[in-house]
Amino acid sequence: MRKKVISLIARQLWKDAFRSKVMIITLGLMAILILFSSYTGWHNYEDQNHIRTDVQEEVQESWENNPDKHPHRMSHYGSFALRMKHELSVFDLGMENFVGNAVFLEAHKQNTVNFSEVSMSSGLLRFGEVSLAMLLKVIVPLLLFYLGFASIARERENGTLKLLIGQGITRKEIVFGKWIGLYSLSLLFLVSIFLILFFFIVAASHGMWSPQSFIRYGILFVSYLAFFGILSAITILVSAYSATAKGALVKLLAIWLLFVIVLPKSLQAAGHYLYPTPSKIEMERAVESDMKLVGDSHDPDDEHFNAIRDSVLRVHNVNDVNDLPFNYGGYIMAQGEELSTKVYLKHQDDLYNVYSKQNNVERYSAFVNPYTAIKNVSMAFSGTDFQSYLNFKSEAEAYRYHLAQEMNQLQMDLIPNKGKEAPNKISSEYWKNFPPFEYEFLSVNKVIQNELISIIALLLWSVLAIFGLLKLSSNLKAI
Amino acid sequence: MYTLLFKSFFRTKIFLFSLVLLLALGIVSIFIGKQYLIKQQTNIEAAQAFQIESIKQNVDYHGEDLGLLLYYLRFTLMKEPSNINAISIGQTDVNPALQAVTIRGLEAQKYDTDFENPSLLMSGNLDLGFVIIYLFPLVLIAMSFNLYSEEKELGTWGILAAQTSAKTKFLMQKLSVRAIFVLTIFTFLMVTASLVLQIPLGAPLLAIYVQGFLYLLFWVVLSFWVVSFLKNSSFNALILISTWVVLTILVPAIVNNFIVNEYQLPEALDAMVEQRDGYHEKWDLEKDVTMTGFLEEYPQYASYEVPEDEFSWIWYYGMQHMGDLTAKATSKELREKLLLRNKVSTNIALFVPTMHAQLSFNKLAGTDMLSHLNFLDGLTEFHKNLRVGFYKKIFDLKTADAVQWDNYNAKFYKHNTEFSWLLLLLPTIITILIISIFTFLNFKKIS
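Chains Z and B supply the protein sequences, listed in that same order.
Numbering-wise, our numbering comes out as the position in the first sequence, counting from 1, plus 34.
Numbering-wise, our numbering comes out as the position in the second sequence, counting from 1, plus 202.
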């Protein structure tokens with residue numbers, strides 16, 4: 035392969051692309067779309083995180099400002115956890131607006147995460163959102179297909195392909211020249227979007243450089259590089275194996291519709307159909323009936339808790355719970371909290387397993403649909419996938435549990451049993467010393483583990499693309 | 203002439219392909235709707251059973267103390283199921299169709315969500331509305347992008363042009379064959395849906411049909427307009443698919459981004475915190491603070507005594523209610539902003555047929571934002587009636603025996619769909635007329 039020939043062919047593709055008026059208009063529109071999504075993405079990220087940080091701080095302040103009181107009052111006062119947006123959500127909104135943003139954390143109860151953007155939408159959100167990643171995943175592929183459908187098919191129709199080969203240019207040079215030409219066109223969009231994104235990450239870090247964000251950024255960039263390489267190869271291959279340019283275009287448009295619209299949606303629906311989601315009420319009933327089996331601290335005649343009482347009395351060698359050296363109410367609540375949390379989390383895990391099964395139907399289609407692969411990789415590394423949300427939920431739940439148990443411990447240690455002389459309140463210093471909720475994003479390692487399937491699919495597709503191009507290099511039909 | 207055109211159309215590959223695709227996905231979407239209705243029904247039955255069970259259970263545990271019993275008891279309000287929902291599932295997958303509330307502060311309960319897989323919410327429901335709005339136009343495009351250019355490229359146009367006096371008329375007939383085909387499948391699917399889903403015949407169903415019909419007609423005239431430029435097939439395909447992408451993906455998404463950014467809702471979070479603080483701070487304040495506020499709204503309970511150094515239920519439920527009162531203003535602002543979001547969306551949608559079709563479908567099916575806000579209003583009323591119904595008995599320190607529990611079954615909330623035919627149909631009709639005029643002018647130029 036001669037570099038000079040390849041670059042000549044590649045440059046010719048560029049020239050052809052920029053010759054048409056349509057292309058210039060499209061480029062202009064793309065520039066506007068990129069600016070619009072950058073602006074709205076950044077604006078939304080800044081505003082929302084600002085609002086949420088304010089609320090989170092306000093919540094902490096009011097927590098600390100509580101006067102001296104009984105610790106159990108504090109575990110009902112509770113706290114809130116606000117889900118912060120990852121800075122890369124500016125790039126890919128993913129599920130960001132389809133999951134809840136705030137949850138009330140209190141003793142005895144796991145509340146739902148409420149106020150998702152979608153629940154407050156007029157229904158328009160279902161059409162989708164514009165983000166930089168959406169442009170790369172949905173619009174640029176279509177553009178690539180437009181730009182490349184004729185690349186080989188028309189040369190053959192016009193008879194110029196025969197001429198090129200006649201002039202001693204090898205098939206391999208033609209195939210790779212065209213591919214590099216088309217690929218480099220797509221990089222125009224990729225690079226400009228990632229340049230903008232770079233500034234956003236720097237701006238969002240506020241001087242606190244986080245290597246994690248840059249690694250995520252790097253992985254995203256490499257993944258999209260691979261994705262466009264694959265798409266360019268598909269375009270060239272379809273163009274080469276179609277009899278006419280028109281046929282190539284129709285096929286490519288069909289592929290686009292299938293990959294981007296029809297397959298993901300149908301498979302998601304199929305997953306939902308195959309593994310129905312249990313309703314909230316079913317789960318609540320199941321949790322309640324399990325609670326009754328293991329022990330219900332609200333039932334005055336519960337066997338489990340009566341047994342605990344008897345054994346505690348025995349160990350401390352007293353006859354009345356009020357003679358115990360610690361606050362018995364606090365002790366029982368700690369036991370109850372532990373039990374109920376365990377039961378609830380078990381059912382919640384079951385629910386998430388159903389979700390995973392539902393999602394896997396589409397996830398595994400990455401091996402036939404590169405769009406699905408890039409979609410999942412892109413969301414995951416932008417911190418806007420389902421796992422990132424679950425991470426928030428589990429951190430919020432861990433904080434809730436810790437808060438409730440800490441208050442129970444304070445009650446056990448410092449609150450007198452019934453009939454004993456001592457104040458029923460403890461100092462507000464205890465609340466001031468309790469640390470605020472802080473949300474930590476998943477580590478890159480964890481994200482890689484979560485998205486291993488999509489990453490492997492993307493790699494396989496890359497290999498397949500190169501293999502396809504090589505194969506075409508040997509059997510490209512000149513006429 | 204028509205029989206001939208139909209015959210030649212039936213022989214094309216695209217005819218068979220579209221027939222299979224539309225029928226298959228249409229029927230799948232109807233069954234997805236059916237599954238949705240079944241789930242709704244199971245939910246309702248579960249809620250009814252759960253309520254009876256949980257009343258019985260809690261009366262057993264805490265029957266001696268009505269105040270404590272009602273701390274735990276939850277009462278369910280459910281949207282009355284309406285089969286037409288299944289045509290356009292809309293917002294009902296994210297907004298719960300039933301809410302179980304205690305008589306404690308409502309603000310902390312009314313936004314609780316049901317469980318739904320966010321991946322599914324994101325990819326959206328494959329309901330009949332989706333098939334009509336997204337897939338039908340694609341099929342129309344596939345069938346008409348080479349209406350003229352095909353003849354031209356095959357070389358038949360010359361012969362036709364020589365034989366047929368009115369070339370435009372010929373193209374129109376050719377197009378109308380395709381339009382009739384698509385509209386027939388649409389009608390068939392609508393009839394099937396109404397039978398399978400057992401949707402009662404009525405104005406909303408008819409309106410969905412007419413709106414869907416007009417929406418498809420819009421795509422027919424749009425395709426014809428593009429054809430009227432008499433360009434080659436590739437150009438037509440590019441333009442039509444791009445238009446489809448712009449109308450079904452880009453414009454709605456841009457409008458959505460605009461609305462989300464322009465009308466942010468910090469009120470939602472503020473109201474949540476205000477409610478909690480408004481209630482909890484009362485524990486540490488003089489009891490008068492609570493009672494003054496509470497008695498202002500409910501003077502009929504002024505005669506009850508509220509001991510200063512002791513817990514009492516009137517004080518407790520008074521505090522709970524104060525939480526709601528504290529958040530009331532912000533909560534109202536939130537509601538108004540949501541209405542504003544809805545209004546801006548529907549207004550912009552008047553100019554974009556895809557958005558207009560989607561939002562009208564949701565509205566007609568009773569699955570739009572408005573119907574959920576009305577449900578929340580209904581829930582507020584329901585909650586108020588519960589409280590007022592129980593207050594006196596609790597404050598009189600009655601036991602569970604004082605309450606006729608049979609009257610406290612899960613209740614239904616009835617939704618009424620109201621719409622204006624004019625606002626529904628006019629936008630699409632006007633768009634169709636405008637495009638038709640352009641097309642007419644184009645053809646006039648060439649003939």
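Simulated from the structure, these hints should not be mistaken for lab results.
All C-beta atoms in this analysis are idealised placements derived from N, C-alpha and C, irrespective of residue type, glycine included.
Possibly wrong hints are sitting among the right ones.
[Stated by the list, open to error] Straight line, CA to CA, 30 Å or less: simulated DSBU-like cross-link-like pairs of lysine-lysine: (1) Lys586(B) <-> Lys380(Z); (2) Lys241(B) <-> Lys326(Z); (3) Lys586(B) <-> Lys600(B); (4) Lys427(Z) <-> Lys312(B); (5) Lys326(Z) <-> Lys258(B).
[As the list claims (entries may be wrong)] Some, not all, of what chain Z presents toward chain B, calculated at C-beta under 10 Å: (6) Ser41; (7) Val133; (8) Val152; (9) Met154; (10) Ala279; (11) Ser461.
Lysine 427(Z) paired with lysine 312(B) [C-alpha distance capped at 30 Å]: Distance ~20 Å between lysine 427(Z) and lysine 312(B) Cα, so the pair holds.
query: Does lysine 326(Z) pair with lysine 258(B) here, judged by a C-alpha cut-off of 30 Å?
result: Holds, because 15 Å separates the two Cα atoms, which is no more than 30 Å.
- prompt: Does serine 41(Z) meet its interface restraint, that is, does its C-beta lie within less than 10 Å of any C-beta in chain B?
  reply: violated (28 Å)
message: Run the distance test for lysine 586(B) versus lysine 600(B): straight-line Cα separation, threshold 30 Å.
response: holds (20 Å)
query: Given serine 461(Z) as an interface hint, is the shortest Cβ-Cβ distance to chain B below 10 Å?
result: violated (14 Å)
field: Straight-line alpha-carbon gap lysine 586(B) to lysine 380(Z), limit 30 Å
entry: violated (35 Å)
- request: Under 10 Å, Cβ to Cβ, is where valine 133(Z) needs to be relative to chain B, so tell me if that hint holds or is violated.
  value: holds (5 Å)
task: Compare the distance between the alpha carbons of lysine 241(B) and lysine 326(Z) with 30 Å, and conclude whether the hinted pair is satisfied.
output: holds (27 Å)
Hinted contact valine 152(Z) with chain B - closest CB pair below 10 Å: holds (5 Å)
message: Can you verify the interface hint for alanine 279(Z): is its Cβ closer than 10 Å to any Cβ in chain B?
response: holds (6 Å)
Cut-off 10 Å, beta-carbon criterion: hint that methionine 154(Z) touches chain B: Holds - the Cβ of methionine 154(Z) comes within 10 Å of chain B, reaching about 6 Å at its closest.
Of the hints listed earlier, those the structure fails to meet are numbers 1, 6, 11, in rising order.
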